[in-house]
Each structure stands twice: as structure tokens, then as C-alpha cells.
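Q: Could you build all of it, start to finish, from the sequences and the hints given here?
Number of protein chains: 6
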Amino acid sequence: MINPKYGGTMTLFKPIDDKKASVKVKKIFNKIKKERKIKVISNFWRTIANDPNTLERTWNSLCQIMRKGALNQLTKELLYIAVSMTNSCEYCIRSHAAAAKKKGMTDKMLKELIAVVGLANETNRLVESYQVEVDDYLK
Amino acid sequence: MINPKYGGTMTLFKPIDDKKASVKVKKIFNKIKKERKIKVISNFWRTIANDPNTLERTWNSLCQIMRKGALNQLTKELLYIAVSMTNSCEYCIRSHAAAAKKKGMTDKMLKELIAVVGLANETNRLVESYQVEVDDYLK
Amino acid sequence: MINPKYGGTMTLFKPIDDKKASVKVKKIFNKIKKERKIKVISNFWRTIANDPNTLERTWNSLCQIMRKGALNQLTKELLYIAVSMTNSCEYCIRSHAAAAKKKGMTDKMLKELIAVVGLANETNRLVESYQVEVDDYLK
Amino acid sequence: MINPKYGGTMTLFKPIDDKKASVKVKKIFNKIKKERKIKVISNFWRTIANDPNTLERTWNSLCQIMRKGALNQLTKELLYIAVSMTNSCEYCIRSHAAAAKKKGMTDKMLKELIAVVGLANETNRLVESYQVEVDDYLK
Amino acid sequence: MINPKYGGTMTLFKPIDDKKASVKVKKIFNKIKKERKIKVISNFWRTIANDPNTLERTWNSLCQIMRKGALNQLTKELLYIAVSMTNSCEYCIRSHAAAAKKKGMTDKMLKELIAVVGLANETNRLVESYQVEVDDYLK
Amino acid sequence: MINPKYGGTMTLFKPIDDKKASVKVKKIFNKIKKERKIKVISNFWRTIANDPNTLERTWNSLCQIMRKGALNQLTKELLYIAVSMTNSCEYCIRSHAAAAKKKGMTDKMLKELIAVVGLANETNRLVESYQVEVDDYLK
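Protein chains in written order, with this note's numbering: chain A, 1 to 139; chain B, 1 to 139; chain C, 1 to 139; chain D, 1 to 139; chain E, 1 to 139; chain F, 1 to 139.
Worth flagging that the hints you see were computed from the coordinates, not collected in a lab. Any given hint could turn out to be false.
Put simply, identical chains are the same to the list, so a pair is met inside one copy or across any two.
Taking lysine-lysine pairs in the DSSO-like style, the calculated list, with each CA pair at most 30 Å apart, reads [what the hints assert, rightly or not]:
id, residue 1, residue 2
1, LYS101, LYS26
2, LYS68, LYS24
3, LYS20, LYS103
4, LYS24, LYS139
5, LYS20, LYS34
6, LYS26, LYS68
7, LYS19, LYS108
8, LYS27, LYS68
9, LYS139, LYS101
10, LYS101, LYS31
11, LYS19, LYS139
12, LYS20, LYS68
13, LYS37, LYS68
14, LYS39, LYS26
15, LYS24, LYS14
16, LYS20, LYS37
17, LYS14, LYS39
18, LYS37, LYS139
19, LYS39, LYS101
A: Right, dumping it as C-alpha cells:
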């Protein structure tokens with residue numbers, strides 16, 4: 001759609017709903033619903049579904065990386081939130097906070113997580129500002 | 001020290017060793033040594049000691065925030081590392097990885113942490129790139 | 001609150017108003033009102049008040065760091081704004097611009113500040129892109 | 001305008017429309033309209049027009065940097081988008097995606113661009129997380 | 001290795017050479033050598049090989065994303081460099097600049113790329129600093 | 001230079017010295033020397049001189065933006081340092097700290113600046129983490 005006054009065009013992608021989804025996308029949506037035990041796919045998956053390869057790759061990476069390993073699933077969600085807060089990604093903060101709550105995150109845990117994120121961001125900058133040299137024993 | 005050729009001056013701060021430390025700084029160094037059961041203060045504390053207020057405030061914040069609460073100390077160290085990796089702070093990555101190891105972090109845990117950090121940084125950007133809208137149920 | 005359709009839960013914190021505030025929080029709110037000569041606490045303090053320790057620590061740090069020293073209070077507010085612009089933190093840009101105006105920042109000063117922020121962000125990236133080596137006289 | 005209840009003042013700048021524009025600003029607006037073949041100036045130029053020097057300098061830099069050279073104009077727009085996605089700048093993503101579409105960017109190209117941006121952000125963090133050393137042959 | 005004086009432990013991972021590589025890692029190294037027509041694996045792959053899953057996933061993602069599509073391979077490398085410059089990742093700047101050169105990037109192209117990266121980083125901050133509102137026609 | 005073993009090529013730019021400088025570059029180097037009252041050009045200017053347009057544009061922007069206006073030159077240097085610390089740009093931190101010292105920055109001022117940078121980076125993240133809403137009076 002072109003707006004001749006500005007010479008502009010609408011540019012970004014809309015979420016894809018179940019009806020418009022291709023066979024490949026529908027198949028992945030069904031995997032997500034089954035694995036997550038949910039009935040409605042969230043905007044993240046619907047929107048990246050505009051590129052079925054990215055949808056598939058991201059879902060597969062997520063399944064492989066976020067499953068229980070040496071770290072449990074809750075800890076992994078907390079790490080996800082901490083990174084998303086540092087990057088100021090509202091969507092990821094909200095969606096992974098929801099996911100973490102389902103895995104047992106309490107409000108008290110979230111508040112402590114935020115305090116650590118705040119402190120780490122402060123000391124990261126202190127280190128750069130003072131140009132602190134790496135100690136020999138840390139190399 | 002002025003280098004007249006460049007018109008430049010050396011500018012940043014050097015780590016403060018025990019001998020040059022003021023009474024206030026020495027007192028905090030002693031607290032750190034006692035609390036951490038170490039004999040030598042690392043460059044981070046020695047360098048920010050150029051500003052005794054920052055040294056004191058940072059040490060007090062760290063003690064308050066990183067102690068066991070709803071989250072255990074190891075989880076807090078892992079979060080610290082995840083933030084530091086996202087901010088590319090080598091010193092903080094190395095020093096908190098050392099701290100986390102003392103609290104039980106295994107190599108396998110660190111590798112899984114890194115995989116989460118990588119994935120979160122990727123999907124944070126996918127969300128921004130596709131301008132994914134926050135779902136109503138997440139607001 | 002659980003939305004069974006999505007399996008989601010609302011997750012983040014609401015601002016705390018005077019009525020719901022604990023004794024500890026109320027005490028700090030009163031300090032802020034007195035110090036700032038205001039009648040209504042802003043959303044920043046109300047929201048981080050969900051974690052009274054974070055509220056107290058942040059208020060104390062702010063008082064210690066932002067008071068007149070070798071740098072005057074206006075210069076410190078300008079620095080705060082410059083960091084917040086670099087981190088794209090709308091709330092902090094707006095609230096510290098308001099604070100700076102009360103301390104004497106004119107529109108002309110804000111425009112010049114923004115020009116410096118823009119230029120510094122550009123040249124920071126030029127340095128990284130060209131991998132400029134630190135001159136000997138700067139070490 | 002001062003709100004005495006909060007002690008606050010409205011702080012940031014409004015877009016400047018054609019009527020309020022100074023002679024210098026009007027002249028640059030006309031250049032933009034002519035060069036871009038558009039009738040209405042977008043909010044970016046109208047807002048930075050609060051500082052006519054910044055408006056002039058930015059427009060001149062843009063003309064010099066974004067014109068066809070060893071890289072064609074479309075490639076330059078794609079690079080602009082990739083940086084803006086990495087910095088989470090919604091305005092710049094949307095406006096340069098519109099500009100790129102006018103220069104021939106297809107939806108398929110934009111999706112591939114986003115996939116590269118996601119991957120690069122992931123591997124950038126893997127490099128920092130693992131503290132990968134630069135190979136000798138790359139120095 | 002523990003240094004009792006500091007209470008520290010060496011923490012991060014060393015690159016894995018061909019001799020120490022597991023069967024799975026060796027197989028992927030061979031794929032990389034064949035695909036890239038090189039005899040020696042670079043530090044990036046050797047270091048992330050400490051986590052064979054991450055090695056495999058990253059290599060597969062890279063092959064899928066960076067192959068010729070609607071964008072050619074050179075353009076994709078240029079986008080990779082632009083992101084890496086914005087994130088200040090020296091390793092990725094150097095390695096992808098080397099890769100881009102093999103695909104035809106000239107010095108002139110790299111200089112123009114850097115100019116775009118610098119400008120985009122500046123205007124991204126101008127947008128945030130002035131809090132420019134998204135025009136209706138861009139939504 | 002190609003290293004056939006790795007298939008790599010050396011890629012980035014070297015600083016340009018007075019002898020190799022083109023007429024255009026030499027002219028700008030002379031302006032810098034005169035304006036700055038220095039005898040040797042620093043690596044930043046020598047390296048970006050690989051692209052004479054970038055050299056000229058950056059020097060002109062710097063002269064226009066960093067000259068005394070509503071803000072004095074020292075305050076502008078302090079803002080530059082604060083941005084560079086937030087972006088972890090060692091070169092810019094060091095070179096602008098040197099420039100600020102020549103304009104009157106004391107060690108005490110630099111320490112206070114760093115404390116503000118640390119605090120702002122912490123509270124920027126607290127705002128994002130708690131998703132603090134902008135107060136009506138700030139809009």
C-alpha cells in the first residue's frame with residue numbers, strides 16, 4: 001500500500017493466523033501447542049512465521065537449549081529474562097516472566113533477579129569506566 | 001605527566017595497593033578479605049578504591065544483593081555472568097565465572113548458560129526486527 | 001491471574017500507592033517528598049517500591065551520587081540524560097530532563113547535549129569499525 | 001508548563017511544522033522535499049529541526065553517505081536497517097524499511113536480512129561469552 | 001587449577017584442536033573445512049566446540065542463513081559486519097571482513113559500509129534523544 | 001596478503017602517516033594540528049583518514065558540536081566520556097579524558113562522573129526491568 005503524499009509504503013510484517021498459515025507453518029504451530037499445552041499461539045511465533053525457516057530454526061533451537069540439562073528449566077528462564085532486561089526487550093521480558101512463573105518463579109525471585117541485573121549493569125560500566133585490568137589469576 | 005608532543009596527559013586510575021590505601025579503604029579491603037576468605041584484593045576493588053565512596057557503596061550493594069535469598073547464591077552469580085556476557089564485559093565474565101565455580105558451577109552449566117545467552121540475544125533482536133506486538137494476555 | 005487459553009499469567013509489578021505502602025516504603029516516600037519538595041511520588045519510585053530494599057538502596061545511592069561535589073548538580077543531571085539517551089531509556093530521559101530543567105537546563109543546552117550524544121555514538125562506532133589502536137601516550 | 005503537584009515541567013521537543021519553521025529550516029525542508037520527491041516532511045526531520053544545525057548537518061551527512069558509491073543505495077539502506085534493528089530503534093527500522101522498499105527491497109530480502117541480524121547478534125555474544133581469541137591470520 | 005592466594009580458579013574454555021576433538025566435533029570440523037575449502041579451523045569454531053551442540057547448531061544456522069537467497073552472499077556478509085561493528089565485536093568484525101573480502105568486498109566498499117554504520121548509530125540516538133514519534137504512514 | 005592455509009586475508013586499515021597522506025588528508029591533518037596546537041596526529045584521525053570523506057565530515061562535525069555554546073567545552077567533553085563509557089569504547093574514554101583534563105577536568109570530577117554513569121546504567125535497567133510507565137506529567 002503506497003501513500004503518495006509521503007512516498008511511503010507500509011513495511012513490516014503482520015502476525016500470521018492459523019487460517020493463513022502454510023502447511024509447514026501449521027505443523028510447527030501444532031508442535032508448539034502440543035509441547036506448551038496451549039490453545040493459542042503467541043504473537044512472537046505468529047510474526048516470525050512470516051519466515052518459515054526462521055520459525056522452524058528458532059523453535060528447534062529453543063527446544064534444544066531450554067530443556068532441562070545441568071541447569072534446570074527455571075534457571076534457564078531466569079537467565080533469559082536477565083538478558084532481555086539488559087537489552088530492554090519488553091516482549092521477551094514479559095513472555096519469559098510468564099514462562100518462568102509457570103515453572104515456579106515467585107515474585108520475590110523476580111525482584112531479586114532484577115536487583116542483580118541492575119547491579120551487574122552498574123558494575124559492568126564501572127569496570128569499563130575505570131578500565132580495570134584483568135587480574136593474572138583470572139586469565 | 002604531560003607529553004608535549006601530543007599535548008596529551010595520562011588520565012585513568014591505577015589500582016591502589018594496601019600500602020597506599022587510606023584508612024577508610026583499608027577497612028573495606030579488610031572486610032572483603034574476611035568475607036571472601038582471600039588474601040589478595042582483586043583489581044576491581046583496588047581500582048574503584050580511587051573513589052572510596054564508590055568502593056563502599058558497591059561493596060555494600062553487592063553484599064546485600066548477592067546473599068542467599070529466594071534465589072541461591074549460585075543462581076545469582078549465573079545471572080551476573082549472563083548480563084556481563086550481554087554487555088561484553090570481559091573482566092566481569094571472568095571474575096564472576098570464577099566466583100560461580102567456587103559456588104558449584106560446573107563447565108557443563110557454564111556451556112548451557114552461554115547457549116541461553118546466545119539464544120536470548122538472537123530472539124531479542126528478532127522481536128525488535130519484526131516489531132512483535134505484546135499479546136494482550138501479557139500486559 | 002491465569003489465562004488458561006494461553007496458559008499465561010500476568011507477571012510484572014504495578015506501582016504502589018501511598019495507601020498500600022508498608023511502613024518502610026512510606027518512610028522513604030516521605031523522605032523523597034521532603035527532599036524533592038513534591039507532593040506526589042513518580043512511577044519510578046512507586047514501582048521499584050515493590051522491592052523495598054531496592055527502593056532504599058537506589059534512593060540512598062542517588063542522594064549520595066547526585067549531590068553537589070566537584071561537579072555541580074546540573075552537570076550531573078546532564079550526564080544522566082546522556083547515558084539514558086545512549087541506552088534508549090525513555091522514562092529516564094524524560095524524568096531527568098525534567099529534573100535538569102528545574103536545575104537550570106535551557107532548551108539550547110539540551111539541544112547541544114543531544115548533538116554531543118549523537119556524535120559520540122557515531123565516533124564510538126567509527127573507532128570500533130576501524131579498530132583504532134590506543135596511542136601510546138594515552139595508555 | 002509547570003505542574004506544581006509533581007514539581008515537573010514538560011521537557012522534550014515537538015515536531016516543527018512548515019509554518020513555524022525558520023528561514024534556514026524551511027530551506028532544508030525544501031531540499032528534502034525536492035530530493036525525496038515528497039510533499040510532507042516526516043517527524044524525524046521536523047523534530048530534529050528544533051536544532052537547525054543538527055538538521056543541516058544530518059541532512060548533509062545523509063546525502064553524502066547514502067548516495068550510490070561502491071555500494072548501491074539499496075545495500076546502504078539494508079545496512080542502515082540492520083544497525084537500527086541491533087539498536088532497537090523502531091522509528092529507524094520503519095522509516096528505512098520504507099526507504100529500502102522504494103529502492104527495491106522485497107519482503108523476501110527483508111526476512112533474510114532479519115535472519116542475518118538475529119544470527120550475528122547471537123554469535124557476537126558467543127564470541128564474548130567464550131572469550132574467543134583473534135586468530136593470528138586475522139590480525 | 002586453583003590459586004589459593006586469591007581463592008580463584010581459571011574458568012573459561014580453550015580452543016579444541018583436531019587431536020582432542022570428539023567424533024562428533026571432528027565430523028563438523030571436516031564439514032567446515034570442506035565447505036570453506038580451508039585446512040585449519042579458526043578459533044571461533046574451535047572454542048565453541050567445547051559445547052558440541054552449540055557448534056553443530058551454529059554451523060547449521062550459518063549454512064542455512066548465509067547461503068545465497070534473495071540477498072547474495074556478499075550482501076549478507078556486509079550486514080553481518082555492520083551488526084558486529086554496532087556490537088563492538090572485534091573477532092566478528094575481523095573474521096567476517098575476511099570472509100567478505102573473499103566474496104568480493106573491496107576496501108572502498110568497507111569504508112562506505114563503516115560510514116553508514118557510523119551515521120545509523122548517530123541517528124538512532126538522535127531519534128531516541130528527541131523521542132521522535134512514528135509517523136502514521138509508517139505504522 | 002592471502003594466507004592460503006586459512007584462506008584468509010588481512011582486512012582492516014592501518015593508520016596513515018604524514019608521508020602517505022593525500023593532499024586532501026594532509027590539509028585536514030594541518031587544520032587539526034593548528035586547532036589543537038599539537039605536533040602529532042593521533043591514531044583516531046590517522047585511521048579514519050583511510051576514508052578522506054569520513055575524516056573531513058567527522059572533523060567538521062566535531063568542530064561545530066564541541067565548540068563553546070550554551071554548554072561550555074568541558075561539560076561537552078564530560079558528556080562525550082559518559083557516552084563512551086556506556087558504550088565501552090576504551091579509545092574514546094581515554095582520548096576524551098585526556099581532552100577533558102586539558103580543559104580543566106580534575107580527578108575528583110572524573111570519579112564523580114563515573115559514579116553517575118554507573119548509577120544511570122543501573123537505574124536505566126531497573127526502569128526496563130520493572131517496565132515503569134511514563135508519568136502523565138512527563139509526557
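Q: What are the numbers of the hints that this structure violates, sorted from low to high?
A: Of the numbered hints, all hold.
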